[in-house]
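**Student:** Listed here are the chains, written in short residue letters.
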Amino acid sequence: MGELRRLTPTRRDFMKAAGGLVVGISLPAYVGQLEAAAAPTTGTAPFGPLNVPVDQVDSWLQVAKNGTVTIFTGKVELGTGTLTASRQIVAEELDVSFPATEIVQAITGKTVDQGVTAGSQTMRTQWATGLRIAAASARQALLSMAATRLAVTPDKLRVQNGVVSVQGDSSKTVSYADLVRGGKIGAQLSRSVRPKDASAYQVVGQSIPREDVPAKVTGEFTYVQDVRLPGMLHGRIVRPTRPSPLTASPTALARVIKGTLANATLANVDESSIAHLKGIVRVVTKSSLVGVVAEREEEAIAAAQALKVTWNDPASLPDQSTLYDTIQTTKVNNTRVIANSGDVEAALGSADHVIQAVYMHPYQMHGSIGPSCAVAHVHDGLAEVWSGTQSVYALRTTLATLLSIDPANVRVNYVEGSGCYGINGADDVSLSAALMSQATGKPVRVQYMRADEMSWENFGNAMVMSLRAGLDAAGRIVGWDYQNWSANRGGRPAPPGNVPAGVLAGFPEATPPQSPPASPPLGDDGSNSLPWYTFPSQRVRSYGVYQPWLFTGPLRSPSRLQNTFAMESFMDELAALAVADPVAFRLLHTNDFRLVDVIKAAARSANWQPRPSPAPAQTGTTKTGRGIAATRYEGSSSWVAAVITLTVDTTSGVVTPTQVVASQDCGVVINPDGCKAQIEGNIVQGLSRSLKEEVKFDHSGVLSVDWASYPIITFQELPDDIRIELVNRPNLPALGVGEAVISVIAGAIGNAIFDATGRRMRQLPFTPERVKAALQA
Amino acid sequence: MDNTGGNPGPNSEEQVPKKPVTEPTEAGDGLRRSRRAAIGAGGAAAAVVALGAGAYLAERAGLLPGGGLTIKVNGKDHAVQADPDTPLLYVLRNEVGLKGLRFGCGLAQCGSCTVQLDGKAVRSCQTKVSAVAGRAVTTLEGLGNIAHPHPLQKAFIDQQAAQCGYCIPGMIMEADAFLRSKPKPTATEIKSALSGHLCRCGTHYRIVRAVQAAAGTLTAGAGVQQGG
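Chains as they are written, first to last, in the working numbering: chain A, 1 to 777; chain B, 1 to 228.
Chain A with its partners taken away, still in its complex shape:
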């Protein structure tokens, strides 16, 4: 075991290696991930058990002898404040103070497998089935132990700051720590446990400051980019300019779809091209994956830039100018009928007015400010990886396959990276680092360069949305026919071939889901393609299009943003057709009180004046407009609305937002300031993606490779006036905040442009060129 223990350096190792330099102190409640990982494991497995039992309270919480409650979460902090909110719900249920809690995040074999941290699902999950239930179950078990100890029935007990006392007899007390004495609580999660009533909340609902912020603003925080192991080497990747080594000829494409196409092999690596450089340890190749490992970071960078690599006939990318036609005419792999109620064709046939429109959403980037990074140590049949992944267990499976190592001998430690907003390169770089470490037998840190990250990330998918709807004589929608085409490739880890590094390393890409699916799911598909308004007849069809060009993956509100943009824009088209106020028109088509309330809250805050769009004719070249959009995010994962006011300069086509109001109902608000911070982020990123962002490419490769070629919004482009309305529902379950509001920003902007100018924008982003073209059309 001595050898195994060395694999994970202990804190003492670091202290020795650092010669006494200690950069990070602080955060008594923020347990170091490496500290947690380095704690001794039990049993014979080097990295502890393969899985942690989800049904045991002790898997989720431990009470230390000093009373500190250590929380183990399978959901990770991605910069959104969920660790703070998670500690709040545990402190609340246990009746301990917030500072008496600390939290350890996602380490395989140490924390329960809570799947992927994504989709605004963290607090919803922790509330409904995770930490809140674990804490309530723990409290129940602890009170039962206390009742025995104090010789009273549990209903006579109350708890304050982790001390159990008997009501009316202050002499009888026992603390959680005394009950457990550093041992296990030994209870199971109870499905029937009754958590606290909202009326008793003391910690939930408070804007408790995040404990990671002081470390982050002083340089004391350790990101995955900061992990340093003794003897660590540095790696960089070398990739072809095109994101696919696949051949995209029609016959090859057919083989891709069948999943039988072997990936093109690397033609040649000329190692002599870097022979003159210092510090080179090794050029690593595996199939078409190429990396350079060097002693120092700058040496690895120089070598990766200088290394001459020839690629085997990379495929051409399609013409960007006809991308949306290509997507719509590419063979569909997967057709899903999400809704089909009433007789849509008959309704449209007898409607007073029928309109149709096609909306387009480009490939966009996650655009993490810090390029993805991972540290791996693979030797003697063991692999340990420090990664910013959203799913440590799935990544462990991927790495085990990639490295041909038993999953029991692989450990993935989550360490927070730069914000990811979905699947950025965090998993991909973990594969790269693992292969480079395996090839050298040394710990290797790999960070992508800016262009690596941008040209090879799992872009948010491009989509085409086609809508048709009809109004009756009274101006009500009688039929709704919606279709979308989504261009995808790759996905989250599990098979290595889901991510670019795995494909380059020679692993087959997963066969895209074939049509028809075994049982066409009717109802909500989690992508906001099912209308949140009520229509007498509706049909929703979604087509998955496999494209062999660019890798794609979930990007903040994946597909939901695209669908919401199209549907809320089209609602506005219908409102204009009906000569109805856009707010009133929406309220006419829903009786969902949560949707009604967020729409009204946003409209009230924006001082919305009822009238149809477009606005009455305005003189001058600066036109002002306002627009609204709303949605029921992911069917039931929160309700949001936005009202945006902006100006359009008809000479330049420049769109300038002047006010953004956003409202959200995310059930019980656990941390109001945390919610507001997330909504601010949604607004800013939403403005950026709506006005500026589009991945550019030509036949030879991705052209958006840095911040000059993929600009995002800057301080000076933001409106001064933003307002946030939280619709708190203390008695309803907690829901997500991380990516709901961003879903409605593009629609609200497009609708405001229409209000200002009378021109409908159906393609994102709304660049000055595109707006100008629409004005001149």
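It is worth saying that the hints were derived from the structure and are not from the lab. A quick note: this is a predicted structure, and the numbers were derived from the prediction, not measured. Backbone N, C-alpha and C fix where the C-beta goes; we use that ideal spot for every residue, glycine too. Some clues are possibly wrong.
Claimed, not checked - Okay, the calculated bits of chain A under chain B, using three or more residues with CB under 8 Å as the criterion:
(1) 73–83
(2) 207–216
(3) 219–229
(4) 541–550
(5) 702–711
(6) 715–729
Unchecked claim - Here are the simulated EDC-like pairs of lysine to aspartate or glutamate, each with C-alpha atoms no more than 16 Å apart in a straight line:
(7) 692/A / 706/A
(8) 154/B / 211/A
(9) 278/A / 85/B
(10) 191/B / 717/A
(11) 278/A / 83/B
(12) 191/B / 525/A
(13) 191/B / 720/A
(14) 128/B / 118/B
Unchecked claim - Covered by chain B, per the in silico footprint, the following chain A stretches (three or more residues, Cβ under 8 Å):
(15) 187–197
(16) 445–451
Here the structure of chain A is known, so what remains is to put chain B in place on it, guided by the hints.
**Tutor:** Below, chain B without anything else, positioned relative to chain A:
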């Protein structure tokens, strides 16, 4: 607000390692104990004494006999082995062992690597290490720490002006240099000063408020109006 690097400041307990390795953990009580133990161990103090002579050499040419350079970072001299053309970023992170500056683009486009050179904000990804010999380099660590935060750091904490926080060190270093030249800026001037810094999380409003708060110009009701 003397942040030109001449003042050892609150980091004076930090010792200079022979071969620095960044402590790889945000830490709990255990690390605090470790830190005290490490400082008490004595080995590190010797390294500092050895480097005391480095300051003298740095004043002359920045060159050490072994071909390395001595650079002055946060008021202390550090002997480094990097080639003279190496970007300062990698030297500060990998040799000096600092975390308060980050690789973002390597192209001077995003600002996350910003440090101060003789009090002026510079992009360390585009600054050669040889160019800083004999000059005062200040990183985020040179402003303050959790126990003794700089007024800007305190304002960022008060305003909760970080989500992932990766861009924040550069924001603070730019803002600190800016406030020295313009102590009472308007919000518009702050936005202009930070316009070369990118944030992807959308923390912009809180960042501006934090800089206003540090400058003493934050008025009630400024920034995001929050109902509910």
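**Student:** Take the hints in turn and mark each one as holding or not.
**Tutor:** Comparing the hints with the structure gives:
1. Residues of the region 73–83 of chain A with a Cβ under 8 Å from some Cβ of chain B number 4, which satisfies the need for three, so the listed coverage holds.
2. For the region 207–216 of chain A, the stated coverage by chain B holds: 7 residues have a C-beta nearer than 8 Å to a C-beta of that chain, and at least 3 were required.
3. For a cut-off of 8 Å, the count of residues in the region 219–229 of chain A with a CB near a CB of chain B stands at 10, and the three-residue condition holds.
4. Judged by the Cβ-Cβ criterion of 8 Å, the region 541–550 of chain A is not covered by chain B as claimed, because only 0 of its residues qualify and three are needed.
5. Counting residues of the region 702–711 of chain A whose CB lies closer than 8 Å to any CB of chain B gives 3, which reaches the minimum of 3, so the coverage claim holds.
6. Beta-carbon proximity to chain B at under 8 Å applies to 12 residues in the region 715–729 of chain A; the threshold of 3 is reached and the given coverage holds.
7. The suggested pairing of residue 692/A with residue 706/A holds, with an alpha-carbon distance near 14 Å, which does not exceed 16 Å.
8. Under the criterion of a C-alpha separation no larger than 16 Å, the hint pairing residue 154/B with residue 211/A is consistent with the structure, at around 13 Å.
9. Restraint check for residue 278/A and residue 85/B: the C-alpha separation of about 13 Å stays at or below 16 Å, so the hint holds.
10. With a C-alpha separation of about 9 Å, the suggested pairing of residue 191/B with residue 717/A holds against the 16 Å cut-off.
11. Pair hint residue 278/A plus residue 83/B holds up; C-alpha atoms about 10 Å apart against a cutoff of 16 Å.
12. For the hint linking residue 191/B to residue 525/A, the alpha-carbon distance of about 41 Å lies beyond 16 Å, and the restraint is violated.
13. Straight-line distance between C-alpha atoms of residue 191/B and residue 720/A comes to about 11 Å, which keeps the hinted pair within the 16 Å bound.
14. Proximity of residue 128/B to residue 118/B is assessed by CA-CA distance (about 15 Å); at most 16 Å being required, the pair is judged to hold.
15. Remark: the region 187–197 of chain A is not confirmed as covered by chain B, as 0 of its residues place a Cβ nearer than 8 Å to a Cβ of that chain, below the required three.
16. With a threshold of 8 Å between beta carbons, the proposed coverage of the region 445–451 of chain A by chain B holds, since 3 of its residues qualify and at least three are required.
Hint violations for this structure: numbers 4, 12, 15, all remaining hints satisfied.
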